[in-house]
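Residue numbers (this note's numbering), protein chains in the order written: chain E, 36 to 254; chain W, 36 to 254; chain L, 236 to 566; chain G, 236 to 566.
FYI, nobody ran anything at the bench for these hints, they're computed from the structure. Among the hints, a few may not be true.
Claimed, not checked - Straight-line distance between alpha carbons at most 35 Å, and here's what the computed DSBU-like set of lysine-lysine pairs gives:
#: 1; chain 1: L; residue 1: Lys276; chain 2: G; residue 2: Lys545
#: 2; chain 1: L; residue 1: Lys566; chain 2: G; residue 2: Lys328
#: 3; chain 1: E; residue 1: Lys215; chain 2: G; residue 2: Lys436
#: 4; chain 1: L; residue 1: Lys328; chain 2: G; residue 2: Lys566
#: 5; chain 1: L; residue 1: Lys260; chain 2: G; residue 2: Lys260
#: 6; chain 1: E; residue 1: Lys143; chain 2: E; residue 2: Lys52
#: 7; chain 1: G; residue 1: Lys436; chain 2: L; residue 2: Lys566
#: 8; chain 1: W; residue 1: Lys215; chain 2: W; residue 2: Lys105
#: 9; chain 1: G; residue 1: Lys275; chain 2: L; residue 2: Lys414
#: 10; chain 1: G; residue 1: Lys551; chain 2: L; residue 2: Lys260
#: 11; chain 1: L; residue 1: Lys263; chain 2: G; residue 2: Lys545
#: 12; chain 1: G; residue 1: Lys260; chain 2: L; residue 2: Lys414
Each chain is listed here by its residues.
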Amino acid sequence: MYEDFILDKAYFIKVIKDLAEMIEENRDYLTGLDSEIGDGDHGTNLSIGFREVMKNLGQWENENLTVIFKKVGMALLGKVGGASGPLYGSMFMKLGEPAHGKERVNFKEFYEMFKSGIEAVENRGKAVVGDKTMVDALRPGLNAFTEAIESGEKPEKAFGTFLERAKEGSQSTIPLIARKGRAMRLGERAIGHMDPGSASSCMILEVFYRNLLNYKKNY
Amino acid sequence: MYEDFILDKAYFIKVIKDLAEMIEENRDYLTGLDSEIGDGDHGTNLSIGFREVMKNLGQWENENLTVIFKKVGMALLGKVGGASGPLYGSMFMKLGEPAHGKERVNFKEFYEMFKSGIEAVENRGKAVVGDKTMVDALRPGLNAFTEAIESGEKPEKAFGTFLERAKEGSQSTIPLIARKGRAMRLGERAIGHMDPGSASSCMILEVFYRNLLNYKKNY
Amino acid sequence: MRRLINDPYNIVEEMLEGFCKAHNKHVKLLENDGRVVVSKKAPVKDKVGIIIGGGSGHEPLFLGYVGEGFADAAVIGNINTSPSPEPCYNAVKAVDAGKGCLYMYGNYAGDVMNFDMGAEMAAAEGIRVETVLVTDDVYSSTEIKNRRGVAGDFYVFKVAAAKAALGYDLDAVKSAAEKANANTRSMGVAMSSSTLPITGKTIFELEDGDMEVGMGIHGEPGVRRTKIEPADKVVDEILGYILPDLPFNEGDEVSVLVNGLGATPLMDLHVAYRRVAQVLEEKKIKIYNSFVGNYATSMDMAGMSITLMKLDDELKELLDYPCDAPYCVIK
Amino acid sequence: MRRLINDPYNIVEEMLEGFCKAHNKHVKLLENDGRVVVSKKAPVKDKVGIIIGGGSGHEPLFLGYVGEGFADAAVIGNINTSPSPEPCYNAVKAVDAGKGCLYMYGNYAGDVMNFDMGAEMAAAEGIRVETVLVTDDVYSSTEIKNRRGVAGDFYVFKVAAAKAALGYDLDAVKSAAEKANANTRSMGVAMSSSTLPITGKTIFELEDGDMEVGMGIHGEPGVRRTKIEPADKVVDEILGYILPDLPFNEGDEVSVLVNGLGATPLMDLHVAYRRVAQVLEEKKIKIYNSFVGNYATSMDMAGMSITLMKLDDELKELLDYPCDAPYCVIK
Ligand SMILES: Nc1ncnc2c1ncn2[C@@H]1O[C@H](COP(=O)(O)OP(=O)(O)O)[C@@H](O)[C@H]1O
Ligand SMILES: Nc1ncnc2c1ncn2[C@@H]1O[C@H](COP(=O)(O)OP(=O)(O)O)[C@@H](O)[C@H]1O
Ligand SMILES: [Mg+2]
Ligand SMILES: [Mg+2]
Ligand SMILES: [Mg+2]
Ligand SMILES: [Mg+2]
Chain E
36 MYEDFILDKA
46 YFIKVIKDLA
56 EMIEENRDYL
66 TGLDSEIGDG
76 DHGTNLSIGF
86 REVMKNLGQW
96 ENENLTVIFK
106 KVGMALLGKV
116 GGASGPLYGS
126 MFMKLGEPAH
136 GKERVNFKEF
146 YEMFKSGIEA
156 VENRGKAVVG
166 DKTMVDALRP
176 GLNAFTEAIE
186 SGEKPEKAFG
196 TFLERAKEGS
206 QSTIPLIARK
216 GRAMRLGERA
226 IGHMDPGSAS
236 SCMILEVFYR
246 NLLNYKKNY
Chain W
36 MYEDFILDKA
46 YFIKVIKDLA
56 EMIEENRDYL
66 TGLDSEIGDG
76 DHGTNLSIGF
86 REVMKNLGQW
96 ENENLTVIFK
106 KVGMALLGKV
116 GGASGPLYGS
126 MFMKLGEPAH
136 GKERVNFKEF
146 YEMFKSGIEA
156 VENRGKAVVG
166 DKTMVDALRP
176 GLNAFTEAIE
186 SGEKPEKAFG
196 TFLERAKEGS
206 QSTIPLIARK
216 GRAMRLGERA
226 IGHMDPGSAS
236 SCMILEVFYR
246 NLLNYKKNY
Chain L
236 MRRLINDPYN
246 IVEEMLEGFC
256 KAHNKHVKLL
266 ENDGRVVVSK
276 KAPVKDKVGI
286 IIGGGSGHEP
296 LFLGYVGEGF
306 ADAAVIGNIN
316 TSPSPEPCYN
326 AVKAVDAGKG
336 CLYMYGNYAG
346 DVMNFDMGAE
356 MAAAEGIRVE
366 TVLVTDDVYS
376 STEIKNRRGV
386 AGDFYVFKVA
396 AAKAALGYDL
406 DAVKSAAEKA
416 NANTRSMGVA
426 MSSSTLPITG
436 KTIFELEDGD
446 MEVGMGIHGE
456 PGVRRTKIEP
466 ADKVVDEILG
476 YILPDLPFNE
486 GDEVSVLVNG
496 LGATPLMDLH
506 VAYRRVAQVL
516 EEKKIKIYNS
526 FVGNYATSMD
536 MAGMSITLMK
546 LDDELKELLD
556 YPCDAPYCVI
566 K
Chain G
236 MRRLINDPYN
246 IVEEMLEGFC
256 KAHNKHVKLL
266 ENDGRVVVSK
276 KAPVKDKVGI
286 IIGGGSGHEP
296 LFLGYVGEGF
306 ADAAVIGNIN
316 TSPSPEPCYN
326 AVKAVDAGKG
336 CLYMYGNYAG
346 DVMNFDMGAE
356 MAAAEGIRVE
366 TVLVTDDVYS
376 STEIKNRRGV
386 AGDFYVFKVA
396 AAKAALGYDL
406 DAVKSAAEKA
416 NANTRSMGVA
426 MSSSTLPITG
436 KTIFELEDGD
446 MEVGMGIHGE
456 PGVRRTKIEP
466 ADKVVDEILG
476 YILPDLPFNE
486 GDEVSVLVNG
496 LGATPLMDLH
506 VAYRRVAQVL
516 EEKKIKIYNS
526 FVGNYATSMD
536 MAGMSITLMK
546 LDDELKELLD
556 YPCDAPYCVI
566 K
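Chain E with its partners taken away, still in its complex shape:
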């Protein structure tokens, strides 16, 4: 089943464009979350990064998926800075590796992409679940995705589980004290606030998901 479910370059290009749009729409919301327990720039940071991506995307469209995501990641890494720059930069750079230089991937490879990207975030930031970071959304989400794949769930359903568990993970950051990132120095005062990186992670996954649901219809 997974081998027959093919996602082509158009899907990924659309996702990247939608990511840029989504970030603009949520810029002030994410920045607002980061004002509570960080330095009030998470949305701004991502906006700066994705504007750079959009400036260059046209030139990358002829490349294969591995190269495209590497370029996206490098743009984020190069333009964003801060914590989310290297983290999302690494994530997107590694996202394309399982595509092995191809222009389309099957769903199994699609799953491998997220595995590869999320592991890169963990390697870069050294955060674990419970530290009140984006890892609190990404790791449980990915674990659920893995299980769903292993038990042979339908693609849309499997990714839906991924997103749902990521959202739960993001919600679960609210009562936590932070052990990584700027919020770390807040101690008890971080309690009651959602981690902004976990929120943006869910929004990013949601863009992939929305396009997945629309995929059959459009192509």
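Fit chains W, L and G with the ligands to the given chain E structure using the hints.
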């Protein structure tokens, strides 16, 4: 009549104390007027000056009127600065001269005191009526006082005229363009605002007047 | 009020105490007058005494420019208010080295009255004191002699102080100051008022998001009040007043001062400076050197002014002359 | 928003363009990287390269301290955001003179990630890059290694840069920086937030009339929020945290930095300095020298921080070592 109307040191000391109190009460009002067309400090300036006067008045009370007013004027001159420091400083320094080293004055001498003080303001600032300064209150007021004295008005009535005409003069600054002081550079934009120095001048005269009316009763 | 103060009636004295302690290698308070900041080197033998001053609240203006190669003394008034005559006179007594003294300050009626009285007191003792009023603010009047002094103070003081440091006599020092003033033009924009410690309120109202081009550093009204415009547009408008006023022409060489009024970040000042440099380049006016920062402020006022001084060889030499003051070190 | 800007997405580039034009005697922008400000003298033969950096919005920190006798390069991030790895690496390539380089910056997670990646890239080419994190903010953590860096940056950078200028090797320069950091303690108070150009809003809300003691320069929460208290009381509270922390003891000699966060007038900083000097005098801690002004800001934030560095002969010599940077000239 004027020779028999004697104002003693107690009157003047009381006036000085009331002046200090009046300035505190009107500090923010005068500063507000000065915000419109100046630099928003006229009340503050006078407050700084009269606080210095009050700090030292106890030590001066054994002196004669000439010395007391000289000290008041010097305190204003020394502590206020700006435009109103030299102007009111000069006025008070000269106010006591017609007392010729005495501890009490008759009403004629009292009149001479204001003549001497107001001329000092004019000499120092070189403003004439219509320039939109304190002179617009003081000069017409003094002229009316002079006429009242010459036509033999009762003391209280004569001073009442002084004050009334000064107030009219102060009102008359409202439609004017300024030709002296900070407001000078405002051109048309000074129109519609009362000159703060003319306002404080009236308030100062009013304190003398109020104590004059109460004078018979108290002493 | 977002200020860090104690009793507002003591603020000037407390500032001066702190200032003279913090910068005790450069300056001290005059023993007999708490409103006179003098250079530790003053009086300097055979040198004309350089005395600057005015109301406080414009720091580092005046007192920050007292030191070797710069002013010998600063006379400090209350906030936004000229000092009184006595300290003006005491400053002369403290720094005169027999060659007379030069008073320099911004052209405000109150300052003129008080400093003139100080000069009269000095004259009565046979000390010659001359005065140069700074009149750089182009928008404040069409007649140059009626214009007020703003950040151009910095250039006029610097030039005259260097001339004095080189040993010239009072007439020469005075004409250097006059020359600097004649070649200096400024104009500013305010985006907020400043807070007066005694009232705890701003001098005037300026709504968040509004600006006033041409406003003076005491909040004197300017050209017009409008929504804050892009930095480049504001710079262009200001230069539109400054450049034709002198005028500054193609081929001229200038020093540029982009001055912050207190609450405007260095970031914004450099954004504005960038545009100044672009415009001058277009007009083929050469920038000799530049100063960007808080040189003449209005406490916590948000805003900026631009000052240009047209240079010749003499002004360049005097501007570059080394000095060592708490807020201006030139090697 | 009371800021003077153009397109907020270009603000850092525009600032850098203006900065490098205004201070073109001292610095230039790296040709192949618009986020690296390098000294015109760099690379300096036989000298360890001194590289500082971090998010922008703290000017004159970092770029104002690039120049002879001070840093060789500053790497500039977006506002309040660490620079990315590439310019960190490019800075090394630009200033390394064969003796290796020292990265110095405030201890923030984002900066550590990005600078470390830069160092790895340099290491891959055989260039040794060491790092010293500044951790002076006493209230930010009980554990020193977790503390963030604030105005103490200035001291640590200055000391290490002087050590490098004296020709010492990377190990010696690094230990001088570590020694400066180990002897430096800071704490601040904020009375307003700063305005982020892109959102046009303040980072956080702080009501007019309120203050927060212990707040970080990015608005990180502090000890408590309260009505603004008298300056002396605020200073006493801050010193109450700083002095016992090192601790600073009777007989110690210190350098004092009273730093403005951007919108606090020099007047208020000197009022505060006065109290610092009084307290240190009471405690018989000797002040060797002092700095009062905007050294590490948060754009238009109102507030102040106090930094003390305990000195020995070596630190004194390094602190006094001459430098010539746009925002720090020491003769
Ligand atoms: N070590 C880390 N590992 C994973 N995520 C992290 C780590 N440190 C910070 N983050 C994430 O980064 C987010 C903040 O990103 P952003 O505001 O863009 O950067 P900065 O903190 O430098 O301002 C946090 O909400 C958190 O989710
Ligand atoms: N040349 C002058 N002659 C008379 N009065 C003057 C003159 N210049 C200014 N004033 C008066 O001084 C007042 C302002 O005083 P104040 O605000 O205390 O001083 P400053 O203008 O220095 O701030 C004006 O309202 C005006 O009445
Ligand atoms: Mg952030
Ligand atoms: Mg006034
Ligand atoms: Mg005034
Ligand atoms: Mg950040």
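Flag every earlier hint the structure violates by its number, smallest first.
7
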